[in-house]
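Based on the hints, put chain B in the right spot on chain A.
Number of protein chains: 2
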Amino acid sequence: MFGKETYIRRRAELKKLVGNGVILLFGNNEAPANYPANAYSPFRQDSSFLYFFGQHRDGLVGVIDVDNDTETLIGDDIDIEDIVWFGSVDSVSNLASQVGVAKSGPMKELKSICNEALRLHRKVHFLPPYRFDTMIQIMDLLGTHPSQQREAASLELIKAVVKMRSTKEAQEVEAIERACEVGYQMHTKAMLTAKPGVTERFVGGIVDGTARSLASKVSFATIFSQHGEIMHGCPSAAPLEAGRLALCDAGCELDDYCSDHTRTYPVTGKFTQRQLDIYKIVEECHDYALKVARPGVRWYDVHMDICRLMTERLKELGLMKGDTEEAVRAGAHAMFLPHGLGHMMGMDVHDMEGLGQQYVGFDEETQPSTQFGTNCLRLGRRLEENFVVTDEPGIYFIPALIDDWRSKGHCEEYLNFELLDTYKDFGGIRIEDDLLITKDGCRFLGKNRIPYHPADVEEFMAK
Amino acid sequence: MFGKETYIRRRAELKKLVGNGVILLFGNNEAPANYPANAYSPFRQDSSFLYFFGQHRDGLVGVIDVDNDTETLIGDDIDIEDIVWFGSVDSVSNLASQVGVAKSGPMKELKSICNEALRLHRKVHFLPPYRFDTMIQIMDLLGTHPSQQREAASLELIKAVVKMRSTKEAQEVEAIERACEVGYQMHTKAMLTAKPGVTERFVGGIVDGTARSLASKVSFATIFSQHGEIMHGCPSAAPLEAGRLALCDAGCELDDYCSDHTRTYPVTGKFTQRQLDIYKIVEECHDYALKVARPGVRWYDVHMDICRLMTERLKELGLMKGDTEEAVRAGAHAMFLPHGLGHMMGMDVHDMEGLGQQYVGFDEETQPSTQFGTNCLRLGRRLEENFVVTDEPGIYFIPALIDDWRSKGHCEEYLNFELLDTYKDFGGIRIEDDLLITKDGCRFLGKNRIPYHPADVEEFMAK
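Protein chains in written order, with our numbering: chain A, 26 to 488; chain B, 26 to 488.
Hint data in this document are derived by calculation from the structure and do not stem from the laboratory. Being a predicted model, the structure only gives us computed values, none of them experimental. Treat the hints with care, as some may be off.
For chains that are exact copies, the list does not tell them apart, and a pair is met inside one copy or across any two.
As the list claims (entries may be wrong) - Taking lysine-lysine and the DSSO-like style, the derived pairs with C-alpha atoms no more than 30 angstroms apart in a straight line are:
hint: 1; residue 1: K305; residue 2: K488
hint: 2; residue 1: K184; residue 2: K29
hint: 3; residue 1: K472; residue 2: K220
hint: 4; residue 1: K346; residue 2: K305
hint: 5; residue 1: K295; residue 2: K305
hint: 6; residue 1: K449; residue 2: K136
hint: 7; residue 1: K488; residue 2: K220
hint: 8; residue 1: K214; residue 2: K488
hint: 9; residue 1: K346; residue 2: K449
hint: 10; residue 1: K136; residue 2: K41
Same shape as in the complex, but just chain A:
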């Protein structure tokens, strides 16, 4: 939690941007895993609620009446039996005053506030909900069925929140730096644990445990897999095999901010020549983005530059063929790179993704693509100073995709399916770092670099 001035300032700015009506910012509740009292752990507060109201307790709703310039923190106080089970906690009134909110009230007051606003035909702003309990709450408060709520969400509120959260304050950047430091620990421990015979799950557990020991939790389900070609591959019970690559995509949440890094390395600690040939292309793409990212540059253009660069290099290896421009226009490169170059990162690892990719990553000038692969680019618009973005090119050999395209003849003029067939046991490679867009360029976030240049990887893993 930052100082209370932060939240007072942010809410004042939000009121200015939204202009009128009543803003409801729903905090999250506990999420039952297998019965009501056994919740997923740790509790995850809603990021936008945190951004404006700063409190981590479950069962809270922030209300901002823009027209009357009042703010209320809604929530029920806990009783002595709760204290026995969960320890003492502050009253809702104290939680409110800690973040500069003058009023507080019990949950039943929220119903009155909504009824009154509806009676007076005032606009009630809420963000697109993603928790199903919040959807039921909104249905009961405002009469909108869950299936209609994404459309009923307030565009003014979404745009205001995106505008504010996109540009990171200095204290936010510092928090991300701290999260990246834990990310360094998570990844380097994985690199030192990975060796033939150790299971993927064992290494994944080390990564997760390190996040729990040094931060709050992982920022998303840890990917640690010899099947790097599966974008969200869970660690399996399979032992690591000499000759294969392991891909680790993992990050943490610390003090409400995320890290997100990917490294790919040989299980033995030594790359084969075939692995190195592909790895160096990914490395070159990764470093290219680093060189060109700066305010004013369209991230969509950087993504397309990288698709062309990758196509050029894959042609040199004989895996692609034909005219580079045409191949990329046809989306042939998506055989290897079926995702985007990067995404915003902040309080959410895909920052604000729940508010709608079209508002977070795109604008009038730059619209999302519908082409396979590029449709997964989560950020296209021009970079601005203090954006935090990930730079994460990858090359994958996905057997099901190779077979699918080959059977359809899709992009056959640009792809060498015979050679591709021999790569079906390759896996996939991704290298990912978190970048801060600075005044005139960009820089890595995190004090220590997780090794990624091949020589550094081999040296580190020999330890």
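Just chain B now, with coordinates in the frame of chain A:
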């Protein structure tokens, strides 16, 4: 997953017990943490769905038409874009046949099945939902508002499921034994990591990471705290302090079955005399339950025996006074033991708790108590062979409770508040093991005992 005969047999038995109507067993869906695509991880399937349909994928519903003796696995197949992100998975039709289910169909078929059943005024059985997305699903299928669904749930189905899941099959006991072995690893690693200066969170991370490395996940949020008096104390960022006790209550889920153990030990590895005086009472209570648990014994009676034993011993220390029987009848012991002696354990760590404690832990003969403390006893009824229960007495010194009772004069004739005041910095002690009720007694589950006798603890921590 067990062999398909297991699921065929269980569903046949369920049909016999329920007798008529259409049974819906909802599998779980992914649970979004901070935006729709960022789910809590790992995915947790519903236990009753698993018990009868055995499959771990999200988005499935099991349908058993009792009257027509047909079974259908409902779920939508995934497409090529899903395969890129999540890898290949079996078709729903394959998933069905793996567990001996003849029919399968897409999610939209479920709506037709429900409409038809409602049209014919047939009974549609479902269990009390605890996931909010399932509640929305039930509302959309059957027209029952989420707030009414717990009451609308089928008592016949609840009772049938409780009857079947309460008595563990041999293969289930074996699975629990394996989970207990990982529990041993989790706890002994914590004991060896805990020392002055190391943070609670660091040790908690080791526990969680071990569960992830060797099992699937923790079976509930790990408790590792110097404030053992907070029943569900999260690991904090505070460093461990010489002179204090650390309480670790943790378990894992492995192959769909849980473990759940608690140990309490001195941060330095050496008990003080004051700690030992309290510890030995808890140890004696723990071992008492072990001695008397057998088929036919009421767990409620064992709980009350232990309350009396604890009261006797606390009187010897001067912390309690007056007549033991009267003190326990008045609930004075709940100052020290505000929870129950133990609970059922199986696929859920509090097994079947979501189905309703009154059906799982109680019956006509033994009804739940409403008295503070004993109202937290989750199991009261007579033990049966192949029940799995936890044995977990504890003694806590809860400053807020001491102050609350003292200010009200509650049970003052049985409590020495002056002496209690000097224990406000003590914390709490709990010792917990998992027991299998055998033909003529009970036995510990798990091959290795996590040390708990004081001399064993001290010897182990000296390593």
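Now the hints, each set against the structure:
1. Taking CA atoms no more than 30 angstroms apart as the test, K305 paired with K488 passes inside one copy only; the shortest distance there is 23 angstroms, against 47 angstroms between copies.
2. For the homomeric pair K184 and K29, the shortest alpha-carbon distance inside one copy (24 angstroms) is at most 30 angstroms, but the shortest distance between copies (52 angstroms) is not.
3. For the homomeric pair K472 and K220, the shortest alpha-carbon distances inside one copy (27 angstroms) and between copies (29 angstroms) are both at most 30 angstroms.
4. Within a single copy, K346 and K305 get their C-alpha atoms as close as 19 angstroms, which meets the 30 angstroms cut-off; across copies the closest is 77 angstroms, which misses it.
5. For the homomeric pair K295 and K305, the shortest alpha-carbon distance inside one copy (14 angstroms) is at most 30 angstroms, but the shortest distance between copies (55 angstroms) is not.
6. Taking CA atoms no more than 30 angstroms apart as the test, K449 paired with K136 passes in neither setting, with 58 angstroms inside one copy and 41 angstroms between copies.
7. In the homo-oligomer, the alpha carbons of K488 and K220 lie at most 30 angstroms apart both inside one protomer (12 angstroms) and across protomers (28 angstroms), since each shortest distance falls under that limit.
8. Taking the closest pair of Cα atoms, K214 and K488 come within 30 angstroms of each other both inside a single copy (12 angstroms) and across two copies (24 angstroms).
9. Taking the closest pair of Cα atoms, K346 and K449 come within 30 angstroms of each other only inside a single copy of the chain (19 angstroms); across copies the shortest separation is 76 angstroms, beyond that limit.
10. With identical chains, the CA atoms of K136 and K41 are at most 30 angstroms apart within one copy only, with a shortest distance of 25 angstroms there and 46 angstroms across copies.
Hint 6 alone, counting from the list given before, is not met by this structure.
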